[in-house]
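Could you build all of it, start to finish, from the sequences and the hints given here?
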Amino acid sequence: MNYIKLISVTFILFCTIGFSQNSDVEHIYTNATSLTSVDLTSKKLVGSSYIDVDFRPAKVSNSEAIYLIRYNAYLDEMEIEISGKAYYLPKSNNYTVTFEGVNKVYQLSNYDEKGTQKKGFFMVLTSGDNISLLKQEKIKLYEEVPAKLGFTRYEPPKLSRVKDKYFIGYKNKTTVELPKKKKDFLNLFSSKSKDIGGFMKKNKLNIKNTEHLTQIFNYYKTIN
26 MNYIKLISVT FILFCTIGFS QNSDVEHIYT NATSLTSVDL TSKKLVGSSY IDVDFRPAKV
86 SNSEAIYLIR YNAYLDEMEI EISGKAYYLP KSNNYTVTFE GVNKVYQLSN YDEKGTQKKG
146 FFMVLTSGDN ISLLKQEKIK LYEEVPAKLG FTRYEPPKLS RVKDKYFIGY KNKTTVELPK
206 KKKDFLNLFS SKSKDIGGFM KKNKLNIKNT EHLTQIFNYY KTIN
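Sequential numbering from 26 applies to the sequence shown in our numbering.
Think of the hints as simulated: they come from the structure by calculation, not from any bench.
Treat the hints with caution; some may be incorrect.
Taking lysine-lysine pairs in the DSSO-like style, the calculated list, with each CA pair at most 27 Å apart, reads [said to hold, decoys possible]:
#1 Lys219 with Lys198
#2 Lys233 with Lys144
#3 Lys246 with Lys206
#4 Lys129 with Lys198
Pair ranges (Cβ atoms, derived) [said to hold, decoys possible]:
#5 Ile91 with Gly140: 33 to 41 Å
#6 Pro82 with Glu180: 36 to 44 Å
#7 Lys226 with Leu93: 45 to 53 Å
#8 Asn234 with Gly140: 24 to 32 Å
#9 Pro204 with Ile76: 21 to 29 Å
#10 Ser185 with Ala90: 29 to 37 Å
#11 Lys217 with Lys160: 16 to 24 Å
Keep in mind the model is a prediction, meaning the values are calculated, not measured.
From the three backbone atoms N, C-alpha and C, an ideal C-beta is built for every residue, glycine too.
Below, the structure is given as structure tokens:
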């Protein structure tokens, strides 16, 4: 099925990222080739590729320029709207996308998926000097189910959001998925594991709760 029509294009993206280092400001120019245009009039599916279908004003890293951007959670791509068409932002460099007015920041980082190294977008829940708490949002495509006479009805193909995953992000833009077991989770904090364990016990925090995870990472920032 032709859900999304992809058109190869060449597009130059000026991404000016400023950061302070020894009182100097360094500007990065990114030449983004072989981006992909998305046909916005593609055949409809049940559901959506987007958690928020609308393009929102956003900044790329520390650039002051405002772009219209949305996150495609099915393809794990950031789309920028130009003249009514959407183009994927390149994944050649690590950067952040900050959506204005909604307190949402996405970070491009490296991660491991079943032994394969990939690069994708993560929502930043809280960040510190050394580590960050990241959330990976995903939408999955479920193929159509043909009808079986007298047994089942036809089900159209659909896009549905799956359970979010949580990661610890490091300064070098690598990530590790948070373990499900408390002992393994505490080991992520090395010499501070006992402090974190005590804080969790005192405040009755559960690593399966997003708000509790945020509290734990915020506490770590105060003792590290």
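Checklist line | Unmet hints by their number, sorted upward, for this structure | finding: none
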